[in-house]
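Student: Each chain, written out:
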Amino acid sequence: MKLAIAGLTACSGCQLTLLNCEDELPELLARCELVYFPLAESGNVLEVQFDAALVEGAVSTPKDLELLFKLRNASTHLVAYGTCALFGGVAAMNNGLNTRQELLQSVFGTGGCLPESFAPAPLANFVSVDAAVTGCPPEKHEIVEMVAALAAGTLPPARHYPVCTECRSRENLCLLLEKRQLCLGPVVQGGCNARCPATGIVCEGCRGPVREANVAQELELLLERGFGKDEIERRMSRFKPEWDYGQRR
Amino acid sequence: MGSVVEIAPLTRLEGHGRVRVYREGCRVERVELQLVDSPRLFEALLLDKSFAEVPEIICRICALCSTVHKVTALLAVEDAFGVEVSEVTALTRDLMLQAGMIQDHALHLYCLVLPDLLGVRGVAELARVAPELLKTGLAVKKAGNDILETAGGRLIHPVNIRLGGLGRSLTSRELTRLKDGLLKVLPAVQEAHRLFSTPFPFPELPVPDFLALQPSDSPLEARLCRMGDGASFPLRDYRHHIEETVVGHSHAKLSRVQGKEATVGALARLNLNPDLEPGAGALFASHKRELVGKDMRGNNVAQAIEMCHATERALHLIDRLTELGPRREEPVAPTVRAATGCAACEAPRGVLIHSYSFDAQGICTTADVITPTALNQGALARDLLALARGMEGEETSRMTTALERLIRCYDPCISCSVHVLPL
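Protein chains in written order, with the working numbering: chain A, 658 to 906; chain B, 155 to 577.
Hints listed in this document are in silico derivations from the structure and should not be mistaken for laboratory results.
The beta-carbon is built from N, C-alpha and C at its ideal position, and this holds for glycine as well.
One should not assume that every hint holds.
Derived list of chain B stretches under chain A, where covered just means 3 residues or more per stretch with a C-beta under 8 angstroms from a C-beta of chain A [stated by the list, open to error]:
hint	segment
1	259-271
2	488-497
3	516-529
4	539-550
Pairs of lysine-lysine, BS3-like flavour, derived with a Cα cap of 25 angstroms [to be verified]:
hint	chain 1	residue 1	chain 2	residue 2
5	A	Lys797	A	Lys659
6	B	Lys289	A	Lys659
7	B	Lys414	A	Lys797
8	B	Lys289	A	Lys797
9	B	Lys338	A	Lys797
10	B	Lys338	B	Lys414
11	B	Lys448	B	Lys414
12	A	Lys720	A	Lys797
13	A	Lys797	A	Lys886
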């Protein structure tokens, strides 16, 4: 299987997660040919047909877009790899609050030397996406599962249950109901085995919305517990700028 | 006639960058280092966010160093609000920084540098050409990663270390398992320096102006920055000593420290603070001649020595944590007030500074992060030019290969270098 692994606007954490599968890596490397993977390989080639491209990061510059189009055209399967690729991620958190120009000037000054950049957006806003691995960063087992499935010419099943499902089955204390903390577990995609609540930390929502999330109800619940609407929305938008809050809005 | 040689994209390093060499005949006119990662504008994103959110968000600046970013951010927020953490918390953070050093140096050395030494293009070919060596490297990396995952609750962007305390402390069983993991790779870690002291096939470079943190009693409370010429300045005044300018061809700003192009990282630390654990100290003694007062070509062997130091130190920290035993501690609550906090840690690649100001409600009003790669950028550009000039007349491919290898000596991490506020 010819594989491309690329990073757009991101921290490289998703690509690194693949390299962090130390036990599985030798076998994964034996099963795929990494034709394009600048993070860990030299002599990369883009002008071939790939079986799959794993693309990390949001799209926020003309260069990102150019690379994304090239990979889409060259790959049978294009996988949105991680929360930024899927939802925009942390770089997109202020999309609804500030213009890109304001943010750029706040960092680079008003001297006129600004990099070209637009509001970070998910891959699916620009190209068709065949599959996704969510998470900031993704879980190792999910990425191994994806690469293994791609190598077998198929795609892994998608998960559609919230973090709460796994949290309850681990019999953790419920941080939302029992400790009255701002936990996003009910509306966030599971698959992480409730990693954070298991250490006593609220779910910060890094895996994005679960399908059919009851966002209005979560908002209601948190408002009832005394959290401010601004605080809740700020927390919800940490990894995905726009949520559908339903009629509550 | 003038010509331009471009190395794009730079490979086997984190983030996006390229190098352009401008030549007139075979004479090298200038070299441009372009760190062109997409701007993520973290300092701007943090404004108007609550102090509690700052460390959670800022650790996403970089995956490789997310632990040290998180710890530094926590220390800066705690500095602002006068929070003092317990010994268990401080030791756990320190343990995670050592683990970060182990896994980061192992990844860099075995996965990104080793292909140069063996003449292959990357990890995939390594797996075919030198499977045992790659497995050794991955095992070392895994021992570090296991600590990060267990103590941090997550390997990248850790959650268990938090403001004023820990989500939960490590159990005796976990500590024993982590210790066994480290002991298993200790022999490999002690041998690594042999592999990475292979001489470089390119000429000498200018001697760097080193910059490192002066350790205090607790390694997480560094308050002084030191330079090689004996000059030093308090961390709190860093804005007066580190000057930053926007460069047209790069998204990262150029930092100058007291007017100099400073070099930070493993080599700088060994030159300025060679206070090492016994095993690493012996290795350092045997390599002193290649390292003390020498150029950046020695950085990879310095990293190998540090990998050994971090392993030994992590073992001591685990012993101390085992002695203290697991305990349930409530995190220390911060006294929220209008304040500015500042902290610095030695990240695997060198000095990392975080500084935040908050209003009376604890809302972030200014954020400033100075990363090792931003600090190293000037020295790297200088060395690239010196190397390109030193290789004038050589075959172009030999020169570009050497330039890429030099860049890997610096182990730059471009994704986090591109976020610096104007001062």
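Student: Please work out if Lys338/B and Lys797/A have their alpha carbons no farther apart than 25 angstroms.
Tutor: Holds, because 23 angstroms separates the two Cα atoms, which is no more than 25 angstroms.
Student: Hint check: Lys289/B vs Lys797/A, CA-CA at most 25 angstroms. Holds or violated?
Tutor: With Cα atoms ~18 angstroms apart, Lys289/B and Lys797/A stay inside 25 angstroms; holds.
Student: For the pair supplied as a hint, Lys720/A and Lys797/A, is the alpha-carbon distance within the 25 angstroms limit?
Tutor: violated, 28 angstroms
Student: Using a Cβ cutoff of 8 angstroms, are there at least 3 residues of the segment 488-497 of chain B near chain A, or does the coverage claim fail?
Tutor: Violated: only 0 residues of the segment 488-497 of chain B have a Cβ under 8 angstroms from chain A.
Student: Three residues minimum, CB to CB under 8 angstroms: does the segment 516-529 of chain B make the cut for coverage by chain A? Let me know.
Tutor: violated (count 0)
Student: Would you check the hint for Lys414/B and Lys797/A, treating anything up to 25 angstroms between C-alpha atoms as holding?
Tutor: violated, 43 angstroms
Student: Examine the segment 259-271 of chain B: at least three residues should have C-beta closer than 8 angstroms to a C-beta of chain A.
Tutor: holds (count 4)
Student: Holds or violated: Lys797/A with Lys886/A, Cα cutoff 25 angstroms?
Tutor: violated, 34 angstroms
Student: Need the status of pair Lys338/B, Lys414/B: alpha-carbon distance at most 25 angstroms?
Tutor: violated, 42 angstroms
Student: Take the C-alpha atoms of Lys797/A and Lys659/A, compute the straight-line distance between them, and say whether it is at most 25 angstroms.
Tutor: holds, 21 angstroms
Student: Is Lys289/B within 25 angstroms of Lys659/A, Cα to Cα?
Tutor: holds, 23 angstroms
Student: For the pair we were handed, Lys448/B and Lys414/B, check the Cα-Cα distance against 25 angstroms.
Tutor: holds, 17 angstroms
Hint compliance for this structure: hints 2, 3, 4, 7, 10, 12, 13 are broken, all remaining hints hold.
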